[in-house]
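Chemist: Sequence:
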Amino acid sequence: HKLSSKLKREVILGSSSLDDPLQFITVSSFYFCLSRVEYAMA
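Each residue of the sequence shown is one higher than the last, beginning at 10 in the numbering used here.
Possibly wrong hints are sitting among the right ones.
[Stated by the list, open to error] Below are the EDC-like pairs computed for lysine to aspartate or glutamate, each with C-alpha atoms no more than 16 Å apart in a straight line:
(1) LYS17 <-> GLU47
(2) LYS11 <-> GLU47
(3) LYS15 <-> GLU47
Honestly, the hints are just simulated from the structure, not real lab data.
Computed from a predicted structure; not experimentally measured.
Take these sequences, add in the hints, and give me the full structure.
Modeler: See below:
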């Protein structure tokens with residue numbers, strides 16, 4: 010799961026520099042959906 014850990018780190022780094030909470034929520038939901046898909050495919 011190297012891809013997801015890299016993505017997670019990017020999301021955390023990106024969200025920490027965001028001032029827009031809505032964008033953070035969008036990114037978080039996108040990552041959540043992505044991890045669900047990855048789990049289903051595993």
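Chemist: Look at each hint and say if it fits the structure.
Modeler: Against the structure, the hints come out as follows:
{"no.": "1", "hint": "LYS17 <-> GLU47", "verdict": "13 Å, holds"}
{"no.": "2", "hint": "LYS11 <-> GLU47", "verdict": "12 Å, holds"}
{"no.": "3", "hint": "LYS15 <-> GLU47", "verdict": "14 Å, holds"}
This entry satisfies every hint, going by the numbered hints stated previously.
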